[in-house]
Amino acid sequence: AQTVTQSQPEMSVQEAETVTLSCTYDTSESDYYLFWYKQPPSRQMILVIRQEAYKQQNATENRFSVNFQKAAKSFSLKISDSQLGDAAMYFCAYGNRDDKIIFGKGTRLHILP
Amino acid sequence: NAGVTQTPKFRILKIGQSMTLQCTQDMNHNYMYWYRQDPGMGLKLIYYSVGAGITDKGEVPNGYNVSRSTTEDFPLRLELAAPSQTSVYFCASSDRGGLRQPQHFGDGTRLSIL
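In order, the protein sequences belong to chains A and B.
For the first sequence, the working numbering begins at 52 and goes up steadily by one.
For the second sequence, the working numbering begins at -19 and goes up steadily by one.
What the hints contain is simulated information worked out from the structure, not anything from laboratory work.
For clarity, every value in this text was computed on a predicted model and none was experimentally measured.
No residue lacks a Cβ here, since even glycine has one placed at the ideal position from N, Cα and C.
Be aware that a few hints might be false.
As the list claims (entries may be wrong) - Cβ pair distances, simulated, as ranges:
no., chain 1, residue 1, chain 2, residue 2, range
1, B, G20, A, A123, 39 to 49 Å
2, A, R148, B, A(-18), 22 to 32 Å
3, A, P164, B, A62, 39 to 49 Å
4, B, R90, A, L135, 24 to 34 Å
5, B, P55, A, D132, 38 to 48 Å
6, B, I(-8), A, E112, 16 to 26 Å
7, B, Q(-3), A, N113, 43 to 53 Å
Claimed, not checked - Partial chain A-side listing against chain B, Cβ under 8 Å, derived:
no., residue
8, V70
9, R94
10, I152
11, G157
Let the hints inform the model, and build the full structure from the sequences given.
Following this line, the structure appears as C-alpha cells:
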C-alpha cells in the first residue's frame, strides 16, 4: 500500500525568507501524481502545486517549487520570499491511476513577521 | 461561481442517529470524492465516484454509504452515527481524467457525534 510521510509537524520561517517542507512516499507504482495542498484556517483545501511522476522537470508555480527525487521517493516543497498569507497547514499527497489520493499528516507552517 | 457546495456546515448528532451530508457541484465534473479529516491528520478517502451511477470504496468506507444518481450530486450517508465518525468531511470534484485534473474542494462539514 502507498504511504505518504511528512516528518515535520511544524515549521517556522521569517517573513521574506525561504523554507522547505519535506515529504517522502512509498509506492511500487511507476505512474502517479504528487501534490502539495495548502489548508489555511478557513479550512479550504487549495492546490498549491502538482507533479506528474513521468516528468523529470520539477514543477514551479510562482514562489512555490518542488524538488522531486523519484528514485529517493522524495517530494519537497520550497516556498521562496515567504509571506504572512502562506501561514497554513501544508499537506503532501499521492495519487495513482485508480484516481485514489493519499494524504500525509501535514506540516503546520508559521510565518514570523 | 459556486464550485463545490457542501451542506450543512456544522452538525451535532447523537449516537445511533443517521444523516446525509450533501455535496453538489456545478462544474459538470465526472469525478467526485468524499474525505474525512480527523484532528491533526490529513484527509482520508471514504468513497469516490467516476461518474453517475458508479461509486467505489476508498481507504475508510466502513459506516458510510454513497450514491451518485446525477453528475451534480454525491451525498454521503451515515446510517448509525458513532463517536469515531466525529470529523470534518470534505467533498471534492475533478474533471475528466480524475487526478490528472486539479481537485476542487468544498468548505467542509464539521460533524460531532455525542
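Checked hints:
no., hint, result
1, B:G20 <-> A:A123: 39 to 49 Å, "27 Å, violated"
2, A:R148 <-> B:A(-18): 22 to 32 Å, "30 Å, holds"
3, A:P164 <-> B:A62: 39 to 49 Å, "43 Å, holds"
4, B:R90 <-> A:L135: 24 to 34 Å, "26 Å, holds"
5, B:P55 <-> A:D132: 38 to 48 Å, "43 Å, holds"
6, B:I(-8) <-> A:E112: 16 to 26 Å, "39 Å, violated"
7, B:Q(-3) <-> A:N113: 43 to 53 Å, "46 Å, holds"
8, V70, "19 Å, violated"
9, R94, "5 Å, holds"
10, I152, "6 Å, holds"
11, G157, "5 Å, holds"
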